[in-house]
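K.L.:
The sequence shown begins at 11 in my numbering and counts up by one.
I should point out that these hints are in silico values taken from the structure, not numbers from a laboratory.
It is possible that part of the hints are untrue.
SDA-like mimics (lysine to any residue), calculated; alpha carbons at most 20 Å apart, straight line [what the hints assert, rightly or not]: (1) Lys47 to Thr37; (2) Lys48 to Ala36; (3) Lys44 to Thr33; (4) Lys48 to Thr37; (5) Lys49 to Thr33; (6) Lys48 to Ala32; (7) Lys47 to Thr35; (8) Lys44 to Ala32.
Using C-beta positions, here's what the derived DEER-type ranges look like [claimed, not checked]: (9) Asp16 to Ala50: 49 to 55 Å; (10) Lys48 to His13: 51 to 57 Å; (11) Glu52 to Ala28: 32 to 38 Å; (12) Lys47 to Ile15: 46 to 52 Å.
Quick caveat, the model's predicted, so the values are computed rather than measured.
Don't be surprised by glycine CBs; every beta carbon is placed ideally from N, CA and C.
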Amino acid sequence: MRHRIDRAWERSIQRTQAAAQATDTATQQLRAAKAAKKKAGER
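Work out the full structure, taking the sequences as your base and the hints as a guide.
P.N.:
Written out as structure tokens, the structure reads:
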């Protein structure tokens with residue numbers, strides 16, 4: 011039983027890390043888009 015709980019715990023941790031990475035990527039893309047808009051606006 012304990013082994014199954016450990017496995018489920020590991021899976022939930024991996025899911026959390028994957029979600030955090032996805033959020034990170036989205037944030038970076040958003041920043042890049044904002045920077046591109048700023049540059050376009052300066053011209």
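K.L.:
Check the hint pairing Lys44 with Thr33 against an upper bound of 20 Å on the C-alpha distance.
P.N.:
Within the cut-off at roughly 16 Å; holds.
K.L.:
Taken at face value, is the distance from the CA of Ala32 to the CA of Lys44 at most 20 Å?
P.N.:
holds, 18 Å
K.L.:
Within 32 to 38 Å or not, the Cβ separation of Glu52 and Ala28?
P.N.:
Since the Cβ atoms of Glu52 and Ala28 sit about 37 Å apart, the hinted range of 32 to 38 Å holds.
K.L.:
Can you tell me whether the CB distance of Asp16 to Ala50 sits inside 49 to 55 Å?
P.N.:
holds, 51 Å
K.L.:
Next pair to validate is Lys48 with Ala36; report whether the Cα-Cα distance is within 20 Å.
P.N.:
Holds, at roughly 18 Å.
K.L.:
Does Thr37 sit within 20 Å of Lys47, going by the straight-line distance between their CA atoms?
P.N.:
holds, 15 Å
K.L.:
Need the status of pair Lys49, Thr33: alpha-carbon distance at most 20 Å?
P.N.:
Not satisfied, since the Cα-Cα distance of roughly 24 Å exceeds 20 Å.
K.L.:
Verify the CB-CB distance for Lys48 and His13 against the hinted window 51 to 57 Å.
P.N.:
holds, 53 Å
K.L.:
Taking 46 to 52 Å as the stated bounds, is the beta-carbon spacing between Lys47 and Ile15 within them?
P.N.:
With a Cβ separation near 48 Å, Lys47 and Ile15 satisfy 46 to 52 Å, so the hint holds.
K.L.:
Between Lys48 and Thr37, is the straight-line Cα distance small enough, at 20 Å or below?
P.N.:
holds, 17 Å
K.L.:
Verify the proposed pairing of Lys47 with Thr35, using a straight-line Cα cut of 20 Å.
P.N.:
holds, 18 Å
K.L.:
Measure nothing beyond the straight line between the CA atoms of Lys48 and Ala32; if it is 20 Å or shorter, mark the hint as holding.
P.N.:
violated, 24 Å
Of the numbered hints listed earlier, those contradicted by the structure are 5, 6.
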